[in-house]
Amino acid sequence: MADFSWNTQSALEKALVPGRHGVAGTQAGVTLEEVRDISLVQVMARRGRAAETAKAAKKLFGIEPPRAPGAAVARNATLIWSGPDQFIVFSARQADGQFAKVSKAFAGIASLSDQSDGRCLIRIGGPRARQALAKFCSLDLDDKAFPLGAAATTSIDHTAMNIWREADGTDGHAVFNMLVFTSFADSLWHMILDSSLEYGVQASSAHAA
Amino acid sequence: MRIACPFCGERENGEFTYLGDASPKRPNFAVDGGESPERVEDAFHDYVYLRDNLAGVMREYWYHGGGCRSWLVAERNTVTHEFVSVTAAPGAGAALAARAGE
Ligand SMILES: [Zn+2]
Numbered sequence: 001m002a003d004f005s006w007n008t009q010s011a012l013e014k015a016l017v018p019g020r021h022g023v024a025g026t027q028a029g030v031t032l033e034e035v036r037d038i039s040l041v042q043v044m045a046r047r048g049r050a051a052e053t054a055k056a057a058k059k060l061f062g063i064e065p066p067r068a069p070g071a072a073v074a075r076n077a078t079l080i081w082s083g084p085d086q087f088i089v090f091s092a093r094q095a096d097g098q099f100a101k102v103s104k105a106f107a108g109i110a111s112l113s114d115q116s117d118g119r120c121l122i123r124i125g126g127p128r129a130r131q132a133l134a135k136f137c138s139l140d141l142d143d144k145a146f147p148l149g150a151a152a153t154t155s156i157d158h159t160a161m162n163i164w165r166e167a168d169g170t171d172g173h174a175v176f177n178m179l180v181f182t183s184f185a186d187s188l189w190h191m192i193l194d195s196s197l198e199y200g201v202q203a204s205s206a207h208a209a
Numbered sequence: 210m211r212i213a214c215p216f217c218g219e220r221e222n223g224e225f226t227y228l229g230d231a232s233p234k235r236p237n238f239a240v241d242g243g244e245s246p247e248r249v250e251d252a253f254h255d256y257v258y259l260r261d262n263l264a265g266v267m268r269e270y271w272y273h274g275g276g277c278r279s280w281l282v283a284e285r286n287t288v289t290h291e292f293v294s295v296t297a298a299p300g301a302g303a304a305l306a307a308r309a310g311e
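Same order as they appear, the protein sequences are chains A and B.
100 is the number that the working numbering gives to position 100 of the first sequence; each next residue is one higher, with no gaps.
Take any residue in the second sequence, note its place counting from 1, add 209, and you have its number in the working numbering.
It is possible that some hints are incorrect.
Said to hold, decoys possible - Computed list of chain A residues with no C-beta within reach of chain B, every gap over 10 Å:
id, residue
1, Asp37
2, Met44
3, Val175
4, His190
Unchecked claim - Computed beta-carbon distance windows for the label pairs:
id, chain 1, residue 1, chain 2, residue 2, range
5, B, Tyr272, A, Ala100, 30 to 36 Å
6, B, Tyr258, A, Gly108, 38 to 44 Å
7, B, Ala239, A, Ser111, 31 to 37 Å
8, B, Gly265, A, Asp140, 30 to 36 Å
9, A, Ser183, B, Asn237, 39 to 45 Å
10, A, Ser187, B, Val257, 38 to 44 Å
11, B, Gly218, A, Asn7, 49 to 55 Å
12, B, Tyr256, A, Ala107, 37 to 43 Å
13, A, Ser205, B, Gly218, 30 to 36 Å
14, B, Arg268, A, Asp37, 44 to 50 Å
15, A, His190, B, Thr226, 24 to 30 Å
16, A, Ser187, B, Arg211, 26 to 32 Å
If you are wondering where the hints come from, they were derived from the structure by calculation, not from laboratory data.
Cβ atoms here follow ideal geometry from the backbone N, Cα and C, with glycine treated the same way.
Let the hints inform the model, and build the full structure from the sequences given.
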């Protein structure tokens, strides 16, 4: 019998301490939330098969994947542009796993890889989120340049990040979804938290819905 | 300095890596085509090692590794650093086939 077994746990198991951090005040300027139990499938159209890949996506999700940087919200998934002729299928993880179903729909026309445990999803919101983001992200995240449905692949702290905007928070402020590599998540969390401390931070984790 | 990726839009140059001159074409000799070994060797020596040192607009390969991970061809003025144009390199994305020698 094996001496130990591998456990599934969040990459932020140690780093994320739920509750208030930094400057105290009535309202936190920044909310940080790790979204757990996510499913991510990277879809890359094979050479000359981009149109068929878009068609297969339309059939499976009811919407076409974005042709330019952007995030398209379907009923059960969000399709996030991640490069020319490629996108990420983001959804809440189901017990039976979505990968088999998705890969069947793209068989022969696109190459897929399951990134569900390879990436960590951190949501940043609150009235001062943009000020905190400006310290480590070089994109213009103003409402005019980065409206609802905008997405980008960029780098923070020398590390790749997919960022996109879905619906605003219940507080009316913009929410930015940041997808980062699991292996860098611990370090990036500390960097993001440090960037946000002066505005007051409310940290939490949630299950993908 | 900012570079306008045709896929991502304008980004800081730290997201890009410079490869070099996009003009040299890989020599394409037919197998047993009767070329002398000296000629083949000379052509490959040119292709691998010899570069022009242009003062002016130059076609260059750039890689958007900090973004969409696409190879790009940029026309850049080596004197002023002005980017005249940035387009997708052949083979970027799934739409276009890469041409021989690119
Ligand atoms: Zn790009």
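A quick look at each hint next to the structure:
No Cβ of chain B comes within 10 Å of the Cβ of A:Asp37; the nearest lies about 27 Å off, and the non-interface call holds. Non-interface status of A:Met44 relative to chain B is broken: a Cβ of that chain comes within 10 Å, the nearest being about 7 Å off. Distance check for A:Val175 against chain B: the nearest CB is about 21 Å away, which clears 10 Å, and the non-interface claim stands. At roughly 21 Å from the closest C-beta of chain B, the C-beta of A:His190 stays outside 10 Å, upholding its exclusion from the interface.
Look at B:Tyr272 against A:Ala100: about 34 Å separates their beta carbons, and that is inside 30 to 36 Å. The hinted window of 38 to 44 Å between B:Tyr258 and A:Gly108 holds, with their beta carbons roughly 42 Å apart. In this structure the hint that B:Ala239 and A:Ser111 lie 31 to 37 Å apart at CB holds, the actual value being about 33 Å. One distance hint, 30 to 36 Å for the beta-carbon pair B:Gly265 and A:Asp140, holds here, with the actual separation near 32 Å.
The beta-carbon spacing between A:Ser183 and B:Asn237, approximately 42 Å, falls within the hinted interval of 39 to 45 Å. Remark: the range hint 38 to 44 Å for A:Ser187 to B:Val257 is upheld by a beta-carbon distance near 39 Å. Between B:Gly218 and A:Asn7 the beta carbons are some 41 Å apart, a value that contradicts the proposed interval 49 to 55 Å. Between B:Tyr256 and A:Ala107 the beta carbons are some 40 Å apart, a value that agrees with the proposed interval 37 to 43 Å.
Look at A:Ser205 against B:Gly218: about 32 Å separates their beta carbons, and that is inside 30 to 36 Å. Our hint of 44 to 50 Å for B:Arg268 and A:Asp37 holds, since their Cβ atoms are close to 48 Å apart. With their beta carbons about 27 Å apart, A:His190 and B:Thr226 fall inside the hinted range of 24 to 30 Å. Between A:Ser187 and B:Arg211 the beta carbons are some 27 Å apart, a value that agrees with the proposed interval 26 to 32 Å.
Going through the hint list in order, the structure does not satisfy hints 2, 11.
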